[in-house]
Amino acid sequence: MKCRQCDQKASIHMRQHKLALCKEHYLEWIPEQTARFIKKYGMFTPNEKILVAVSGGKDSLSLWDILVRLGYQADGLYLGLGIDAGINYSHESQRLAQKFADENNLKLHVVDVEKEYGHSIPALSEISHRGHGRPCAVCGLAKRHEMNRIARDFGYDVLATGHNLDDEAAVLFGNTLKWSSEYILRQSPVLPSADGLARKVKPLCRFYEREMTAYAIMRGIEYIYDECPFADGSQSIFYKEALNQLETARSGAKLIFYLSFLEAKKSGHLFVEKNVGQSQLHSCPTCGQPTSTPDFCSFCRMIQKAAETPDQ
Amino acid sequence: MIAKLILRDKVYEVRAGMTLLDALKKSSIVPESVIAIRDGELITDDEVLRAGDEIKLVAVISGG
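Going down the list, the protein sequences come from chains U and Z.
Going by the numbering used here, the residue at position 289 of the first sequence is 289; the numbering climbs one at a time, nothing skipped.
Going by the numbering used here, the residue at position 28 of the second sequence is 340; the numbering climbs one at a time, nothing skipped.
If we strip away everything but chain Z, and leave its shape as in the complex, we get:
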């Protein structure tokens, strides 16, 4: 009963059934710093993660 968060080349495994927001916090990812995509669609952070989900996280920070 695992869902995966994928950020660049890192994969974070979290328990299915938790919200995206909780999963990000549990993985020490700052929610404000990413956009989450499931099956090609953006999802909000109250979304409940399902078993087998692979959530692509897009980092938003750029600049130098």
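Isolated chain U (complex conformation):
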């Protein structure tokens, strides 16, 4: 198979686009398309300061690489979650995030959850009894809280995450199976800023996970290949595998699923958009971040509970 642009041997074939490209043209195509999506969805402007949430994985490091190549002012944020599981997972992912930052002379904020709040994510999960024995719910809660805190405290205009189309399609698929209309309507490439909440954007939301893996490999980005030990058997991975089965049988199925959703949502015909938004948010007395409860936010309640619990 040959590259559509130069007749050289292709390195990747994207069936859903009927497009094959060689390494050289693929490494140009991905940033060009990212720039197109940033503009199309009104994510941010060249003058805005971006905080990129980096995990040491292929998507977030590739996103950081692309934004810097496109000339944006993008700093990184790494959250140390304290996950070891016998493979030094957090330590290794932090090393790779720091290596990328150092090699490219980029600024990386590092927040160690255990140092900051006294407990690692797995410990917080045990203490708070959230997530039915898995720390993923606590991890997500802490990530959202801390990413917003750092974006707010350091004056960033926008928080960018490396979610790709497979991530988005898996979330949409899961929410659709349950017809969680509120969550479905909230899903978007851009979550606008609100009082105390930074704008969140997903510039990679139109790329397949396979394409981002190919980008990281071709660009020579060293990323953490091991899966988070707690992700094994997770629902989101199960949904991704199911969608990939579908994609193999019908090229473009994932893309159509996600883009059709965005179109339907934009048209206003998906659901009646009432009771959606942040009209019911209050300010948490401890951290000041918005919360849907009139009292302390979920994160601060969890930390408070952890502080009152003897070390295990």
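Any given hint could turn out to be false.
Cut-off 30 angstroms, straight-line C-alpha distance, at most; resulting in silico cross-link-like pairs (DSS-like, lysine-lysine) [what the hints assert, rightly or not]:
| # | chain 1 | residue 1 | chain 2 | residue 2 |
| --- | --- | --- | --- | --- |
| 1 | U | Lys39 | U | Lys49 |
| 2 | Z | Lys368 | U | Lys23 |
| 3 | U | Lys23 | Z | Lys316 |
| 4 | Z | Lys368 | Z | Lys316 |
| 5 | Z | Lys338 | U | Lys99 |
| 6 | U | Lys178 | U | Lys99 |
| 7 | U | Lys18 | Z | Lys316 |
Hint data in this document are derived by calculation from the structure and do not stem from the laboratory.
Place chain Z on chain U using the hints.
The following block gives chain Z in isolation, referenced to the frame of chain U:
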């Protein structure tokens, strides 16, 4: 006349002369879930596997 597909710690032996796509399907590997690398270069799934090939497969799914 064997080619090998290597995914994490598993090795799949397939007949040389078949395409990568057919080899993946025969090995019950979902093509969309991997990137294939031969001699350090990414290859597309229409590539014909040669005897002695060792194709490294990189799993693409992450998340939790």
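Structure-inconsistent hints, enumerated in ascending order: 5 and 6
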